[in-house]
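If you're matching them up, the sequences are chains L and E in order. What the first sequence shows, in the numbering used here, is residues 10 to 220, in sequence order. What the second sequence shows, in the numbering used here, is residues 815 to 1034, in sequence order.
If you want a taste of the chain L side facing chain E, the calculated C-beta under 7 Å gives, among others:
(1) 83
(2) 92
(3) 95
(4) 96
(5) 99
(6) 128
By construction, these hints were calculated from the structure, which means they are not laboratory data. Yeah, the Cβ is synthetic: ideal placement off N, Cα and C, and Gly gets one too.
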Amino acid sequence: MTTTLGAAWALDWMRRAQRAMSENRIDLIELDRAIGDGDHGENMDRGFTAVVARLEPPLGDVAEVLRTVAAALMSTVGGAAGPLYGTAFLRASKAATGELDGVGVADVLAAALEGIVARGRATVGEKTMVDAWSPAALAARGLAEGGAAPAGVLRAAAAAAAAGARATESMLATKGRASYLGERSAGHRDPGAQSSALLLAAAADAAEALP
Amino acid sequence: MTVGLVIVSHSAKLAEGVVEVAGQMAAGVPLRAAGGTGDGGIGTSFDAVLAAITGLLAGGHEVVVLTDLGSATMTAQAAREMFDADAPVRVADAPLVEGAVAAAVAARIGRGLDAVVRAAEDAARAPDVRGPAPSSALTRVLTLVNDVGLHARPAARLANLAAEFDATITVDGADATSVLSLMSLDLGRGAQFELAAEGPQAAMALDAMERLVTSGFTIG
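Only chain E is shown next, with the shape it has when bound in the complex:
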C-alpha cells in the first residue's frame, strides 16, 4: 500500500503550492490539497480535510497529513479522530514545506506509513549526516555538471535512485536517500563530492548514481 499526503493549510493557494512543489520532486505520489475555508476564505475546512483523507483511503492508500499552524493542526487531528484508532492515517508534527517534500520523497521510494511520518518529522531536525564512510565502503568522487547542482529536483532524483539499492549510501557523509540531507550539503555546479556505498549492491548503486550525475540528471 503506498502512502499519500494531505496538505492542510489556512490558505488554498499555500496548500496547492506545497502540493505543486512536492509533486515535482516525487512524481506519482498521491497528493491532496485541503486549504482554506469552504467559501474560499482563510481558515481550514474540516469537511475538505475529511474528504481528502477519505478519498486517499478509498484509493487504497495510507495517509499522512501535514498542516501549517494552529487551528489547521487541530482540524486535522479532529478529522483523524473520526476514523478508527487502527486506520492508517497519521498527522505528522512537521514543518509544512520541508515535511511535505521529505514525506513525498519517502513515499515515492516506497517507504511505509511510519517511515514517511518519520521523514516528515525529521525534516525539522538537523540533517542526517552520518560522518565518514566506513573504510570497507566503495567510494567514488564525482563532479556535478548540471546547471543547478544538487538542488531540489536533482537531489530528489538522486535520493529516489539511492533508495532502489540494497546498500547504505552517503554523499559527503550525508544520507543519500534523504532529499533534505542532500540539499543541505549546498553543492552547486562544478562541486565535487564523495559518493560512498556499502552493502550487497554497493557497486551497482555507484554505477547507476554516477550515470545519473554525469548525465547532468538527464537520465536514470
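Next comes chain L alone, as it looks inside the complex:
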C-alpha cells in the first residue's frame, strides 16, 4: 500500500463522498427533519455533486484539490453546513503540503476541526459536527505519532467519527437550529455529525483502495 496520499487519492475521496451523500440522502434528510429543517441530505448531495463536477484534470496537488472542494461546498451547500464544511476544507487545504503521510493526514484533520470550531463556535458535547471531527482528529494524531501509514490513520479517524456521531444521539443540542428544540433534541443523531462520519469513511476507503 502507498505510503503517501496525493491528488489522485483526494479525487477518489471526493467521488466516494459524493456517492455516500447520494446514497444516504434520505437518511440525512430524516435525521435533519427530526431536529433541523430537513434539508441537510439535499444540500450535501447537491454540494458533493458540484464538487465532483468541478474536479477536472489537471488537479494539481492535494492542497489545490481541497481548495476547489472548499469553494464548491461554500457555493452550493448553503445554510450553516456550507460555511462549516467549506471552512473545514479551506483550512485543510492550507495545512496540506505536498503528498500526505500519516502525520500530514493528522495535520489536515486537525486544521479542518479548527476551522469548524472557529466558524461554528461549538465545542465537544453540543450535538454538532464537532462531536464527530474532534474524536477523529484525536484518533488520527494518536495513530500518526505511532508511525502509522495514512490509510490506517484515516481508518482510525473514520471509526472515531462514526462513534462520535452515534454518541450525539443522547446529547442535547445547544447550538444551531436544533437548539430551539431543547430536550426534544435528545434521542436523535445529529445530521452534521453523521455526514462528517460518512465523509471520513470515504477518505479511509479511498486510501485503502490505492494500489
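Please build the complex by placing chain E on the supplied structure of chain L, with the hints as guidance.
Just chain E now, kept in the frame of chain L:
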C-alpha cells in the same frame, strides 16, 4: 481609500432595504446588497457575498461586511477567509440596521477601516454621551426649526458636518459625529439643544452647524 459596505441578509429585500436606508444617510458611500439565495429564496449565497466583496476591493475600497443572523454571519466569515489575512476586509459584529447606518455615516466622513468597524460595533452599545462640555468649550444654544427635528437624515447631515472640523463637538453632551448618539437624544421640532465645541476650528464649526440647523437642514 474609502470604505464600502456589504450588507448580507437571509432576505434580498431586507439587504436592499438596509442599503436604501444607509444610502439615504450617507450619499456616495459604496453599498452592496447580498441577500437571499441565488435562486431568490431565503438564505445566503456565498457566491453573492464573495462577488460583492471582490467588487468593492476591485474598485479600490476597503470593505466592512454586516450580517443579519446565524448562517449569514458564518457565510460572511467564510467568504472573508477566502482572502489573504491582510486584505482590507472585515466582518463587523454589529446589529444590521443600526450598524449599517453608523458604519455608512462613518465611511461618509472619511473614517478608516478600523473606525468604520468600531462605529458599526458601537451601535449595539449605549450611545456615546460625553457629559457636560468642558468650561473652555464654545457653546451655543440652538432651536430645531425643521419638521422632523433631529431625525435620521438631519442627524446624519449634522454628523457629517461636525466631522469636517478639527474640533471636539457635542450636542447636549452627545458626540456630534455619531449619528446614532444624535438620534438617541430624541430632539423633535422646536427642541432646544446646546452645541459645544472645543479645538482649533471650534468657532468655525459652530457657525457652520448653526447655519445648517437654522436653515432647517436645507443648506450645508
